[in-house]
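Those protein sequence lines, which keep their order, are chains C and B. Under this note's numbering, the first residue of the first sequence carries the number 1, and numbering increases by one thereafter. Under this note's numbering, the first residue of the second sequence carries the number 1, and numbering increases by one thereafter.
Honestly, the hints are just simulated from the structure, not real lab data. It is possible that some hints are incorrect.
Straight-line C-alpha distance at most 16 Å; calculated EDC-like pairs for lysine to aspartate or glutamate [claimed, not checked]:
{"id": "1", "chain 1": "C", "residue 1": "100", "chain 2": "B", "residue 2": "56"}
{"id": "2", "chain 1": "C", "residue 1": "100", "chain 2": "B", "residue 2": "97"}
{"id": "3", "chain 1": "C", "residue 1": "26", "chain 2": "C", "residue 2": "7"}
{"id": "4", "chain 1": "C", "residue 1": "100", "chain 2": "B", "residue 2": "57"}
{"id": "5", "chain 1": "C", "residue 1": "100", "chain 2": "B", "residue 2": "101"}
{"id": "6", "chain 1": "B", "residue 1": "44", "chain 2": "C", "residue 2": "99"}
Derived contacts from chain B toward chain C, CB cut-off under 10 Å, selection only [stated by the list, open to error]:
{"id": "7", "residue": "35"}
{"id": "8", "residue": "37"}
{"id": "9", "residue": "45"}
{"id": "10", "residue": "55"}
{"id": "11", "residue": "92"}
{"id": "12", "residue": "98"}
{"id": "13", "residue": "101"}
{"id": "14", "residue": "105"}
{"id": "15", "residue": "106"}
Reference listing, derived: stretches of chain C covered by chain B, where coverage requires no fewer than 3 residues with Cβ under 8 Å from a Cβ of chain B [claimed, not checked]:
{"id": "16", "stretch": "42-54"}
{"id": "17", "stretch": "64-70"}
We put the CB at the ideal spot given by N, CA and C, even for glycine.
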Amino acid sequence: SQQGEEDPQALSIQEGENATMNCSYKTSINNLQWYRQNSGRGLVHLILIRSNEREKHSGRLRVTLDTSKKSSSLLITASRAADTASYFCATLPRSYNTDKLIFGTGTRLQVFP
Amino acid sequence: EAGVAQSPRYKIIEKRQSVAFWCNPISGHATLYWYQQILGQGPKLLIQFQNNGVVDDSQLPKDRFSAERLKGVDSTLKIQPAKLEDSAVYLCASSFDRYQETQYFGPGTRLLVL
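Full structure from sequences and hints, please.
See below:
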């Protein structure tokens with residue numbers, strides 16, 4: 001079963017605008033990761049946030065984590081056409097006997113030039 | 001550093017036929033994962049290897065799917081016989097070890113079962 005649900009399922013914006021996508025999950029986690037998938041390609045790791053962190057930045061990416069609400073958000077600032085892709089959150093559940101990432105359903109982002 | 005290699009990139013077969021996918025992980029990575037990604041969904045782990053041993057295959061349909069990593073490097077995933085619902089992208093990923101948090105993905109094999 002999939003742990004995470006992303007919202008929205010699809011998002012269309014103009015270049016230069018900010019894009020925000022959200023992820024909700026069900027169980028306690030060790031960390032939450034965001035991955036990008038371009039059409040027909042494999043996934044690329046973007047950023048990881050641990051359960052004891054609340055916010056993390058990497059270039060134009062900003063991730064927040066609210067463990068009390070079991071949710072995370074990914075903000076892409078000043079978007080570019082090259083950011084067009086699907087974005088997935090993946091959680092590493094807090095369990096001593098698992099290191100299995102569980103992926104959400106993804107948000108499809110379209111950035112128009 | 002070379003990435004995770006997969007072949008073939010695309011495969012079209014008829015139901016009840018067999019198919020095999022190959023993965024070569026990043027050099028030195030002990031942990032290898034096979035995921036199935038159905039259109040419109042996130043990847044689902046099928047099997048995880050640590051060196052040549054299986055760590056987790058709880059979601060592998062063992063009546064038709066099999067995987068091996070005999071020498072702890074390359075891996076092969078086989079489907080025999082294929083069903084229509086096996087149409088998906090099969091992704092291979094690797095990490096330095098099972099507790100390293102970042103996984104590196106290959107480009108995937110897109111399978112269409114007719």
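A quick look at each hint next to the structure:
1. Of the supplied pair hints, the one linking residue 100(C) and residue 56(B) holds, its CA atoms being roughly 8 Å apart against a limit of 16 Å.
2. A hinted pair counts as satisfied when its Cα atoms are at most 16 Å apart, and residue 100(C) with residue 97(B) qualifies at roughly 12 Å.
3. Proximity of residue 26(C) to residue 7(C) is assessed by CA-CA distance (about 15 Å); at most 16 Å being required, the pair is judged to hold.
4. Taken as a hint, the residue 100(C) and residue 57(B) pair is honoured in the structure, with Cα atoms around 11 Å apart against an allowance of 16 Å.
5. The suggested pairing of residue 100(C) with residue 101(B) holds, with an alpha-carbon distance near 10 Å, which does not exceed 16 Å.
6. Simply put, residue 44(B) and residue 99(C) have alpha-carbon atoms about 14 Å apart, close enough for the 16 Å limit, and the pair holds.
7. For residue 35(B), the interface hint holds, the least distance from its beta-carbon to any beta-carbon of chain C being 8 Å, beneath 10 Å.
8. Interface hint status for residue 37(B): upheld, as the beta-carbon distance to the closest one in chain C is roughly 8 Å, under 10 Å.
9. Interface hint status for residue 45(B): upheld, as the beta-carbon distance to the closest one in chain C is roughly 6 Å, under 10 Å.
10. The interface hint given for residue 55(B) is met, as the beta carbon of that residue sits about 8 Å from the closest beta carbon of chain C, less than 10 Å.
11. Satisfaction of the interface hint for residue 92(B) is found here, the shortest Cβ-Cβ separation to chain C being roughly 8 Å, below the 10 Å cut-off.
12. At about 5 Å, the closest approach between the beta carbon of residue 98(B) and any beta carbon in chain C falls short of 10 Å, and the interface hint on this residue holds.
13. Annotation: residue 101(B) was flagged as interfacial toward chain C, and the flag holds, the nearest CB pair being 6 Å apart, inside 10 Å.
14. Using the Cβ-Cβ criterion of 10 Å, the hint placing residue 105(B) at the interface with chain C is satisfied: the shortest such distance is roughly 4 Å.
15. A least Cβ separation of about 5 Å between residue 106(B) and chain C falls short of the 10 Å threshold, and the interface hint therefore holds.
16. Coverage of the stretch 42-54 of chain C by chain B holds [criterion: at least 3 residues with CB-CB distance below 8 Å; count 5].
17. For the stretch 64-70 of chain C, the stated coverage by chain B is not satisfied: 0 residues place a CB nearer than 8 Å to a CB of that chain, which falls below the threshold of 3.
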